[in-house]
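So you can see what is in the structure, the chains are spelled out below.
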Amino acid sequence: MKRYLPWIALVAAASIPLWLHDPYILNAFITTGIFIIAAMSLNLLLGYTGQLSLGHVAFFGIGAYASALVSLGFDVELLFGIRVVHEPWPVWTGLVMGVVVAAFFGYVVGKLSFRVRGAYFVIVTISFAEVVRLVALNWVELTQGPLALTSIPPVTLGLPGVGYYDLYSKQSYFYLVLAVLALSYVVISRLVNSRAGRAMVALKENESLAVSVGIDVTGYLVLAAVVSAGIAGAAGGLYAHYLKIIDPDVFLFLYTVTMVIMVITGGKGTLAGPIVGGLIFGFIPVFSRSFLGPELQWILYGLFMILIVFVLPEGIVPAIEKWFAARDKDPETPLVKSTQAHIQDAP
Amino acid sequence: MTEFLQHIVNMLILGSTYALLGIGLTLIFGIMRVVNFAHGELYSFGAYFVYFAAILLGFNFFVSILIAIVAGCLLGALIEFVLLRPMRGADIDTTMLIMIGAMIVMQNGEQYIWGGVAKSVNTPFPQAPLVIGSVSVSWLSVFVFCASLALIAASYLLINKTKLGKAMRATFQDRDTASLMGVNIQMIYMATFALGSALAAAAGALLGPVYVISPQMGNLASLKAFAIVILGGLGSIGGATIGGFMLAFAEEMGAGYISSGYRDAMGFLIIIAVLLFKPTGLFARAERIG
Amino acid sequence: MSVASSAAARPALSIEHVAVHFGGLVAISDMTFTVNEGEVVSLIGPNGAGKTTAFNVVTGFLRPTKGAVHYRGESLNELKPHEVAARGLVRTFQRTSVFQSVSVFDNVMIGLHRRGRSRLWDTLLGLPRERQSERELRERAEQILETVGIQHRARDLAGALAYGDQRLIGVAMALAADPSMLLLDEPVSGMNATETVRFMELLGTLRGTGMTILLVEHDMPMVMGVSDRIVVLNYGRIIAEGPPAAIQGNPEVIRAYLGEGVKKRARGS
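Chains as they are written, first to last, in our numbering: chain G, 1 to 347; chain W, 1 to 290; chain L, 1 to 269.
If you're looking for bench data, these hints aren't it; they were derived computationally from the structure. A couple of the hints might just be wrong.
In the SDA-like style, the derived pairs of lysine to any residue whose C-alpha atoms are separated by at most 20 Å in a straight line are [as the list claims (entries may be wrong)]: (1) G:LYS204 - W:GLY89; (2) W:LYS119 - G:GLU295; (3) W:LYS163 - W:ASP176; (4) L:LYS80 - G:PHE114; (5) W:LYS119 - W:GLY58; (6) G:LYS204 - L:GLY208; (7) G:LYS204 - L:ASP106; (8) G:LYS204 - G:PRO318; (9) G:LYS322 - L:SER103; (10) G:LYS111 - L:LEU79; (11) L:LYS80 - G:ASN206; (12) G:LYS111 - L:LYS80; (13) G:LYS322 - L:ALA160; (14) G:LYS204 - L:PHE61; (15) G:LYS322 - L:PHE61; (16) G:LYS204 - W:ASP93; (17) G:LYS322 - G:LEU312; (18) G:LYS204 - L:LYS80; (19) L:LYS80 - G:ARG115; (20) G:LYS111 - W:ASP176; (21) L:LYS80 - G:THR218; (22) G:LYS322 - L:LEU157.
Pair ranges (Cβ atoms, derived) [unchecked claim]: (23) L:GLY204 - W:GLN186: 51 to 59 Å; (24) W:PRO86 - L:ASP30: 47 to 55 Å; (25) G:ALA325 - W:ALA154: 55 to 63 Å; (26) G:GLU141 - W:GLN216: 48 to 56 Å; (27) W:THR94 - G:VAL116: 17 to 25 Å; (28) G:ALA325 - L:ASP30: 53 to 61 Å; (29) W:LEU56 - G:LEU10: 50 to 58 Å; (30) G:GLU141 - W:ALA118: 24 to 32 Å; (31) L:GLU83 - G:PHE287: 32 to 40 Å; (32) G:ASP249 - W:GLN186: 36 to 44 Å; (33) G:GLN297 - W:LEU56: 22 to 30 Å.
We put the beta carbon where it would ideally sit given N, CA and C, even for glycine.
From just these sequences and the hints, can you work out the full model?
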């Protein structure tokens, strides 16, 4: 059953535009899907290698800006009067470049910041994100600064000589996001279920023991950072071409926090965790916006985050898995079993 | 030259409040190993409380600042009791997530209660600045500088000359041994968090009236406080003081001679550079407190 | 036998004038000894004599303040721990010997890391080579679990096993890392008498395969039983070296141990 679950979920998701015609809800699905991709990428670092990267939004934003700028073209003067002029390229190359540039920054940040661990790693990653945000805000010639990059072209699919198809409609963009999400899922699941994934778990559990059997810890951390940043960059590119406008606020710390909440609520270190957490927090605003202002909604997020850490530190998916495992072990008396466990838990 | 001297004067005033912020955080992080993301929110809490007491309740300006510091102290104790005490022994990432949650709640709470429009506080100081040669400085800033130095000195005395301070230093060195020697660890943790919060609130209460008070002011304060702690080395009041002035100096110089847009980037670049090239901080010989 | 004796002439690991200082504290003052190919050497000494420090220096966890470590002619001084392991020098740990929240089987799979052949692209594209490599690793893991005799606990979480069994997993993991030389840090501490005897048999099997072994151990009957040679450390320097029979009668060794015993009793009273 568990083996088929991702396929069932994929088919169910693919059917959504067929029966859902409310553009507002479909819009929520698209942005939620984009944030799920970002949360999945964060989970690779946070859940599997155990490194709490709180600057993750930097890779998302870098992907967004890189993709937008490659598609829009730019003309900037660097130091010493060197001019860099870039003519607009097709949008799909922009998306690819978004991934590449973000992954490159993942490599640099990984190489440098894994020299420190724990709290200091967290501080370095946040600082990196803030520096990138300030660059986006102040390098007006490249980014338009607070005026935002506007008129970002939509994604175009097609082959030369066959014809082109603009993904203007929400339905088609939904399928694009779903495809990228599925691809990211496959990449992450193959990675974590491989020899590389075992190495990551080993270094999360006990670094000294991991290196003692010959695992190059820094190498695998950098690998995780590169893959994670690349996927975050893909999410950022999708975001930019969907909204068609991008400003330095995309680098706000709150977006990282949103991703973190999604991951820990759903269950860090599980493949389904970021998807479950992402759906919950992607749709809370949809239901709450009629009666909650943005501040109250954020207060709710904050309280939820504290509550999850207190009550369900492992997250939702591991809790469900445990419940099923307990039921499978003793199929005759599942209810009694779980009640007993409940009673034992209560002091 | 005049411009440079003006930057130095600004640096002294900004640096003295940064030092307060840094001392508060270095105590909390050093003794409790909690990465306090809510530190900046206690800073803006202090600023708002001055506004609340002075403008809405009509208290005297100086009394309002005192009230704000006491309120920060109490709020810190409350946060420690409700959020951190039940999580004693949890790993550093867990408490970090809790404090991020607290930060979000507090920041948006401020936004909700006070609205997004910035507030300003009238002060009893004369409008005309104090002019010495070519440098001018407002009387309010002189007061802020003196009050901050007094608070820094007071914290130094508290840590080094009192019984509570001795217990805090012992806990910093080795929690288990301190506990065996009869130090009440729960009490020390609460006192540490309350003291750190009071200092953050003091920094906000003093600096808030100099500028304007907005919900976003705490945004970068936590990270700046971390920059200061990282510069000065963990657990050192002297280090945090010097770190505060250094950060202020870097910001003033960056804003004055590079670009005002990158003022806030200075702190982050310092963090990245120091952590990558000298992870124990610039002045730390070893981790110690005092 | 002839293979073993001819191999015994070749030094595998050589430690030359190694010193380790922590600030002002001298953990090892001047240590020189060699371990020959296929030999079982024990490093003994009272607590705090510098045995674990010596292990940490050899395996790259600590840089020596002075001196040099060579394995099969290559200097290990500048190598990181994982690079030392890659040269066939694999250690176990005194305290945390397993990945607690991972199954016993997966512990060994992690240990087999170096033997995996799959590249990143094989993994990401799910190529046949990836599946082939994983299948080989799983077979290998089962063999190793059988060798150390804990195959019946393969599916359990390593942290749930008794302490003595966890030590065995630690050895299984080290074996999985394809060592030519094993460094075992107090492998039988926490084992009962039966388990210790079983472990000595395992050591016998391993030496039969030509494995070089350096052992830190407090269990004297075991040390005397398995070692070809014993090196005795006290206060960071070597005070005696030789075959078990010679060490047993060495007056300085007896003094080092008795001295410690006397001090311990004095503290206890």
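Okay, the hints, checked on the actual structure:
1. G:LYS204 - W:GLY89: OK: LYS204 (chain G) and GLY89 (chain W) at ~19 Å, within 20 Å.
2. W:LYS119 - G:GLU295: With a Cα-Cα distance of about 18 Å, the restraint between LYS119 (chain W) and GLU295 (chain G) holds, given a limit of 20 Å.
3. W:LYS163 - W:ASP176: 18 Å, holds
4. L:LYS80 - G:PHE114: 15 Å, holds
5. W:LYS119 - W:GLY58: 15 Å, holds
6. G:LYS204 - L:GLY208: 36 Å, violated
7. G:LYS204 - L:ASP106: 14 Å, holds
8. G:LYS204 - G:PRO318: 18 Å, holds
9. G:LYS322 - L:SER103: 16 Å, holds
10. G:LYS111 - L:LEU79: 18 Å, holds
11. L:LYS80 - G:ASN206: 16 Å, holds
12. G:LYS111 - L:LYS80: The hint holds at about 16 Å.
13. G:LYS322 - L:ALA160: 17 Å, holds
14. G:LYS204 - L:PHE61: Measuring from Cα to Cα gives roughly 18 Å; hence the hint holds.
15. G:LYS322 - L:PHE61: The given pair, whose Cα atoms are some 38 Å apart, is violated under the 20 Å limit.
16. G:LYS204 - W:ASP93: 13 Å, holds
17. G:LYS322 - G:LEU312: Holds: LYS322 (chain G) and LEU312 (chain G) sit about 12 Å apart, inside 20 Å.
18. G:LYS204 - L:LYS80: Within the cut-off at roughly 18 Å; holds.
19. L:LYS80 - G:ARG115: 14 Å, holds
20. G:LYS111 - W:ASP176: 36 Å, violated
21. L:LYS80 - G:THR218: The hint holds at about 11 Å.
22. G:LYS322 - L:LEU157: With Cα atoms ~14 Å apart, LYS322 (chain G) and LEU157 (chain L) stay inside 20 Å; holds.
23. L:GLY204 - W:GLN186: 51 to 59 Å: This hint holds: roughly 54 Å between Cβ atoms.
24. W:PRO86 - L:ASP30: 47 to 55 Å: 52 Å, holds
25. G:ALA325 - W:ALA154: 55 to 63 Å: This hint holds: roughly 57 Å between Cβ atoms.
26. G:GLU141 - W:GLN216: 48 to 56 Å: The hint (48 to 56 Å, Cβ to Cβ) is violated, given that GLU141 (chain G) and GLN216 (chain W) are roughly 26 Å apart.
27. W:THR94 - G:VAL116: 17 to 25 Å: 19 Å, holds
28. G:ALA325 - L:ASP30: 53 to 61 Å: 56 Å, holds
29. W:LEU56 - G:LEU10: 50 to 58 Å: With Cβ atoms ~56 Å apart, the hint holds.
30. G:GLU141 - W:ALA118: 24 to 32 Å: 30 Å, holds
31. L:GLU83 - G:PHE287: 32 to 40 Å: 54 Å, violated
32. G:ASP249 - W:GLN186: 36 to 44 Å: For GLN186 (chain W) against ASP249 (chain G), whose Cβ atoms are near 42 Å apart, the range 36 to 44 Å holds.
33. G:GLN297 - W:LEU56: 22 to 30 Å: 27 Å, holds
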